[in-house]
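Peer 1: Sequence:
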Amino acid sequence: MSRKSQDRLGAVLVIGLGRFGSAVAFTLAEQGREVLAVEKDPQLAAQWSHRFTVIEADSTSKEALEQLGAKDFNVAVVGIGSSLEASVLTTANLVEMGIPEIWAKATSRDHGRILEKIGAHRRVFPEFDAGRRVAHMVAGRMIDYIEMEDSFTIVKMRPPFDLRGFTIGEAKVRERYGVNIIGVKSPHEPFEYATAETRIGEDDIIIVSGNVELLDEFAARR
Numbered sequence: 001m002s003r004k005s006q007d008r009l010g011a012v013l014v015i016g017l018g019r020f021g022s023a024v025a026f027t028l029a030e031q032g033r034e035v036l037a038v039e040k041d042p043q044l045a046a047q048w049s050h051r052f053t054v055i056e057a058d059s060t061s062k063e064a065l066e067q068l069g070a071k072d073f074n075v076a077v078v079g080i081g082s083s084l085e086a087s088v089l090t091t092a093n094l095v096e097m098g099i100p101e102i103w104a105k106a107t108s109r110d111h112g113r114i115l116e117k118i119g120a121h122r123r124v125f126p127e128f129d130a131g132r133r134v135a136h137m138v139a140g141r142m143i144d145y146i147e148m149e150d151s152f153t154i155v156k157m158r159p160p161f162d163l164r165g166f167t168i169g170e171a172k173v174r175e176r177y178g179v180n181i182i183g184v185k186s187p188h189e190p191f192e193y194a195t196a197e198t199r200i201g202e203d204d205i206i207i208v209s210g211n212v213e214l215l216d217e218f219a220a221r222r
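Just so you know, we're using the UniProt record's numbering here: the sequence shown kicks off at 1 and counts up by one.
Derived from the structure by calculation, the hints contain no laboratory data. Treat the hints with care, as some may be off.
What the hints assert, rightly or not - In the DSS-like style, the derived pairs of lysine-lysine whose C-alpha atoms are separated by at most 25 Å in a straight line are:
1. K172 with K156
2. K156 with K185
3. K156 with K117
4. K117 with K71
5. K185 with K172
6. K40 with K62
7. K117 with K185
Using the sequences provided together with the hints, build the complete structure.
Peer 2: Printed below as a string of structure tokens:
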């Protein structure tokens, strides 16, 4: 491996600085990660150039990507959503260059299937995923919602009224509702991993895991 490649092992290549790509690049930079962003639009490139390194280039050109050293990165994020053709061509270029981990934004299920077939390792559906999160959150007392795999989900929520004042063991949460309370955050207190003896207060926030349908039912309880 070249010295240049070794220097960029922890760096991330972000292509496309729309709302999704710029949020990814900005957050990575805030975390102290090295970011190289590629943006075709000169105005967007200029807008973000003071936050992280931005190169104005056309990512649909494999030659352009090779010239900026794209193949030295282990991780690349394709944030292009305005053009299906540009998204697919850019992703295909990265696949051909052998980037080990490619994340690509998809604007539809069909777009996602195309990205998968050409070799993208991870497909991200920002609008769809955000819509699902909001739908689950407005339906009950959920504050945050993370869906993992095979319907396994973790939520942050206010406790149902019939749990307040009881310990998790007394409420028999697992037996009665089929979900697990894995943590509790009381006001002005540090986060606490839950046990059967943990008592739920009316002002607490609880972290609960389980099947998404059971969690929806649990969160809808009064």
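Peer 1: Output the indices of the hints that this structure fails to meet, ascending.
Peer 2: Per hint list: 3, 7 violated.
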